[in-house]
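Let's have the full structure, built from the sequences with the hints guiding it.
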Amino acid sequence: MKKAEQECHMLSEETQRGIKSLRVDMERGGIHLCPEKLDRVNKLDIEISHLCREYTENIVIDPGTVDIYPSSRIPKNLHHLVKPIYQSEPLITKDLSGPKGTFNERGFRITTDPRTLDSVLQLSSDDEVRKMVYIRGNSVPHANVDVLKRLISARDEQAQIMGCGSYAELAVKPNMASSPKVVMSFLLEMSKMVQAKSTEELNLLTKFKREKCGHSGGDLRPWDEAYYTTLMKSSLYKLDSSVVSSYFSLSNCIEGLKVLVKSLFGVTCHRIPLAPGESWDPQVLKLCLHHPEE
Numbered sequence: 001m002k003k004a005e006q007e008c009h010m011l012s013e014e015t016q017r018g019i020k021s022l023r024v025d026m027e028r029g030g031i032h033l034c035p036e037k038l039d040r041v042n043k044l045d046i047e048i049s050h051l052c053r054e055y056t057e058n059i060v061i062d063p064g065t066v067d068i069y070p071s072s073r074i075p076k077n078l079h080h081l082v083k084p085i086y087q088s089e090p091l092i093t094k095d096l097s098g099p100k101g102t103f104n105e106r107g108f109r110i111t112t113d114p115r116t117l118d119s120v121l122q123l124s125s126d127d128e129v130r131k132m133v134y135i136r137g138n139s140v141p142h143a144n145v146d147v148l149k150r151l152i153s154a155r156d157e158q159a160q161i162m163g164c165g166s167y168a169e170l171a172v173k174p175n176m177a178s179s180p181k182v183v184m185s186f187l188l189e190m191s192k193m194v195q196a197k198s199t200e201e202l203n204l205l206t207k208f209k210r211e212k213c214g215h216s217g218g219d220l221r222p223w224d225e226a227y228y229t230t231l232m233k234s235s236l237y238k239l240d241s242s243v244v245s246s247y248f249s250l251s252n253c254i255e256g257l258k259v260l261v262k263s264l265f266g267v268t269c270h271r272i273p274l275a276p277g278e279s280w281d282p283q284v285l286k287l288c289l290h291h292p293e294e
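Okay, so the sequence shown: first residue is 1 according to full-length UniProt numbering, each after it adds one.
Since the hints were derived computationally from the structure, they do not count as laboratory data. Do not rely on the hints blindly, as some may be mistaken.
Here are the simulated EDC-like cross-link-like pairs (lysine to aspartate or glutamate), alpha carbons at most 16 Å apart as the crow flies [as the list claims (entries may be wrong)]:
| no. | residue 1 | residue 2 |
| --- | --- | --- |
| 1 | Lys83 | Glu47 |
| 2 | Lys43 | Glu157 |
| 3 | Lys149 | Glu293 |
| 4 | Lys212 | Asp127 |
| 5 | Lys233 | Glu201 |
| 6 | Lys131 | Glu27 |
| 7 | Lys43 | Asp156 |
| 8 | Lys212 | Glu157 |
| 9 | Lys262 | Glu278 |
| 10 | Lys207 | Glu189 |
| 11 | Lys262 | Glu293 |
| 12 | Lys37 | Glu157 |
| 13 | Lys83 | Asp113 |
| 14 | Lys212 | Glu225 |
| 15 | Lys131 | Asp219 |
| 16 | Lys173 | Asp25 |
| 17 | Lys76 | Asp126 |
| 18 | Lys233 | Glu211 |
| 19 | Lys131 | Asp118 |
| 20 | Lys83 | Asp67 |
| 21 | Lys131 | Asp67 |
| 22 | Lys173 | Asp156 |
| 23 | Lys37 | Asp118 |
And the structure:
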């Protein structure tokens, strides 16, 4: 591989890039290391892969929940995302000496998976509901705290064996940025460029919130941003998300995809029937791509 790279002046530019990319990929796997270190790097790769999978599985298994009472605190346009629940509450009667009964109060259980969390933060007008959902959604699953500790440790050990100061250095070394310093410099430069606009938008949202809530509204909180951004856009531009989403039905999106791939790549796209046993759901579509020159 190194010999081919040294003699790359005899090869095309595309082949040179391919050889260099292949060498970098192989070295990233530790092919240049001694057998002991190579074996350890391979084991760490497997461990890191398992930890990443465990991290994702934990999010699916334990997304977290928040119980909200009464049910009237959840708007109707969110009811399809939540689960009805009930709790027994004592009946309050004027006759203090008589027997006290109970009634089942209806509420909703919100699962704080990313999709539901985003929807509640955008559409719930109840500040306290948004706060509870935001905090819960960003605090679970607790099992991932240990997973992250082990993942950081494994990645750091892998980077040290590969001769890098950190996993960040190992990750960006083969890329255009080439080092964490370049990445950080780019991020800081971008931050400076958007700082004025970011501050302006924050001030606009804070002002909008106070206009809606009065002076008691206070500063903008993390769980306020999505809700008031959506509300302000609807107010300024007369936007209704439900009306906008009606234009993006599956059939319309498929037609848009066909136009896009045709204009960008000259590729035609059409639906073809599924083979027996090929699909797990009747709503799955199978599309065929065709290029006239391939």
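Report task. Please work out if Lys212 and Glu225 have their alpha carbons no farther apart than 16 Å. Result -> Roughly 14 Å between the alpha carbons, so the hint for Lys212 and Glu225 holds.
Query raised in the report: Within a Cα-Cα threshold of 16 Å, do Lys76 and Asp126 meet the stated pairing?
Result: Holds - the C-alpha atoms of Asp126 and Lys76 are around 13 Å apart, at most 16 Å.
Query raised in the report: Keeping to a limit of 16 Å between CA atoms, is the pair of Lys83 and Asp67 held or broken?
Result: holds (9 Å)
Query raised in the report: Does the structure keep Lys131 and Asp219 at a Cα separation of 16 Å or less?
Result: holds (14 Å)
Query raised in the report: Is the hinted pair Lys83 and Glu47 satisfied, with a Cα-Cα distance of at most 16 Å?
Result: Status violated; Cα separation ~37 Å.
Requested in this report: For the pair supplied as a hint, Lys207 and Glu189, confirm whether the alpha-carbon distance does not exceed 16 Å.
Outcome: violated (28 Å)
Requested in this report: Compare the distance between the alpha carbons of Lys149 and Glu293 with 16 Å, and conclude whether the hinted pair is satisfied.
Outcome: Given pair Lys149, Glu293 is violated - Cα atoms ~51 Å apart, limit 16 Å.
Query raised in the report: Is it true that the CA of Lys233 sits at most 16 Å from the CA of Glu201?
Result: holds (12 Å)
Query - Given pair status - Glu157, Lys43, alpha carbons within 16 Å - result: This hinted pair holds, its Cα atoms lying about 11 Å apart.
Report task. Mind checking the alpha carbons of Lys131 and Asp67 for me, to see if they're no more than 16 Å apart? Result -> Distance of about 13 Å is within 16 Å: holds.
Report task. For the pair we were handed, Lys233 and Glu211, check the Cα-Cα distance against 16 Å. Result -> holds (15 Å)
Query raised in the report: Is Lys173 close enough to Asp25, meaning Cα to Cα at most 16 Å?
Result: With Cα atoms ~11 Å apart, Lys173 and Asp25 stay inside 16 Å; holds.
Going down the numbered hints, you'll see the structure goes against 1, 3, 6, 8, 9, 10 and 23, while the others check out.
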